[in-house]
Amino acid sequence: MNNRIRVLRAEKGWSQAELAARVQVSRNSINAVENGKFDPSLPLAFRIADAFDLKIEDVFLREDRS
Amino acid sequence: MSHARRPRPKAQKGGILRKSRHSLLWFAPPIVVMAAFFASLPWLADLDETVTLSITAAASAFVLAWGRFVATRMERDLDEVELAGQRFAQARGAAAGIFLTVLLLLPTPVMDWVTDNLILMTTGSRGTPERDTVYVGMVFGLVLLLVMQALGTVVANAIWNRRIGGNA
Numbered sequence: 027m028n029n030r031i032r033v034l035r036a037e038k039g040w041s042q043a044e045l046a047a048r049v050q051v052s053r054n055s056i057n058a059v060e061n062g063k064f065d066p067s068l069p070l071a072f073r074i075a076d077a078f079d080l081k082i083e084d085v086f087l088r089e090d091r092s
Numbered sequence: 056m057s058h059a060r061r062p063r064p065k066a067q068k069g070g071i072l073r074k075s076r077h078s079l080l081w082f083a084p085p086i087v088v089m090a091a092f093f094a095s096l097p098w099l100a101d102l103d104e105t106v107t108l109s110i111t112a113a114a115s116a117f118v119l120a121w122g123r124f125v126a127t128r129m130e131r132d133l134d135e136v137e138l139a140g141q142r143f144a145q146a147r148g149a150a151a152g153i154f155l156t157v158l159l160l161l162p163t164p165v166m167d168w169v170t171d172n173l174i175l176m177t178t179g180s181r182g183t184p185e186r187d188t189v190y191v192g193m194v195f196g197l198v199l200l201l202v203m204q205a206l207g208t209v210v211a212n213a214i215w216n217r218r219i220g221g222n223a
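Chain order of the listed sequences is P and V.
Here the first sequence is numbered in our numbering, starting from 27 and rising by one per residue.
Here the second sequence is numbered in our numbering, starting from 56 and rising by one per residue.
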């Protein structure tokens, strides 16, 4: 699964640590999700989308449609 | 869908040293129990067989229960990515630990050395093995298995961290 976390973070001017604090996970976990090394659970994906005030499909993209 | 989650404790100064000291404290009780157990072997050998067996079983049960307790306690503060890493490490580490134990005990000289020393520890001489020796051997094997599993878990955890990457 692909995502736009890096771009969205850059738009907001947030570091990985800042986003991690907002969704209450570790910075390493945000790094793993952002780089596509780990697919988050739905609750975590929703929390990340909520942090950016976006819908989940605006943050996470299916690989065949990215 | 609930988003509630326990807040993570903030990072504190003194990182690695503080964590090491903290980990040492967590692992101290089983180390103390096993050290006391092995130190009291000569005394245990003179006791009634039932008492020896009971003490041996109690020490083993304590080490197993403590290990489970520490694992559960440490998983409490992990998020889902860290938990996935933990599961990866435990699964691979347990398998690797058992494999390493068998591999370590497979060569006859190693097995002879272990057996000789167990007899020496329990009887004070290199005589014929007694029942106590068998009991102690079982505990020794169990402890070795646990140590190897712990080592395997640490290595597998390092592999996991390397795989998912720690840097931006």
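Bear in mind the hints are in silico, worked out from the structure with no lab data behind them.
Where is the CB? At the ideal position from N, CA and C, for every residue including glycine.
Please note that a few of the clues may not be correct.
One-sided and incomplete, this derived list gives chain P residues near chain V with beta-carbon spacing under 7 Å [unchecked claim]:
#, residue
1, N28
2, W40
3, V51
4, S52
5, S55
6, K63
7, L70
8, A71
Quick list of the computed label-pair ranges, beta carbon to beta carbon [stated by the list, open to error]:
#, chain 1, residue 1, chain 2, residue 2, range
9, P, K63, V, F117, 36 to 42 Å
10, P, R48, V, T163, 36 to 42 Å
11, V, P84, P, M27, 40 to 46 Å
12, V, A126, P, K63, 21 to 27 Å
13, V, T127, P, R32, 15 to 21 Å
Here's how the hints hold up against the structure:
1. N28: violated, 16 Å
2. W40: violated, 12 Å
3. V51: Holds, about 4 Å.
4. S52: P/S52 check passes; min Cβ-Cβ to chain V is 6 Å, inside 7 Å.
5. S55: With Cβ-Cβ at 4 Å, under 7 Å, it holds.
6. K63: holds, 4 Å
7. L70: It holds, given that the least Cβ distance between P/L70 and chain V is near 6 Å, below 7 Å.
8. A71: Violated, about 10 Å.
9. P/K63 - V/F117: 36 to 42 Å: With a Cβ separation near 39 Å, P/K63 and V/F117 satisfy 36 to 42 Å, so the hint holds.
10. P/R48 - V/T163: 36 to 42 Å: Given range 36 to 42 Å: violated, Cβ gap about 60 Å.
11. V/P84 - P/M27: 40 to 46 Å: Between V/P84 and P/M27, where Cβ atoms are some 43 Å apart, the hint holds.
12. V/A126 - P/K63: 21 to 27 Å: Holds - the Cβ-Cβ distance for V/A126 and P/K63, about 24 Å, lies within 21 to 27 Å.
13. V/T127 - P/R32: 15 to 21 Å: Taking Cβ atoms as reference, V/T127 and P/R32 lie about 35 Å apart, which means the hint is violated.
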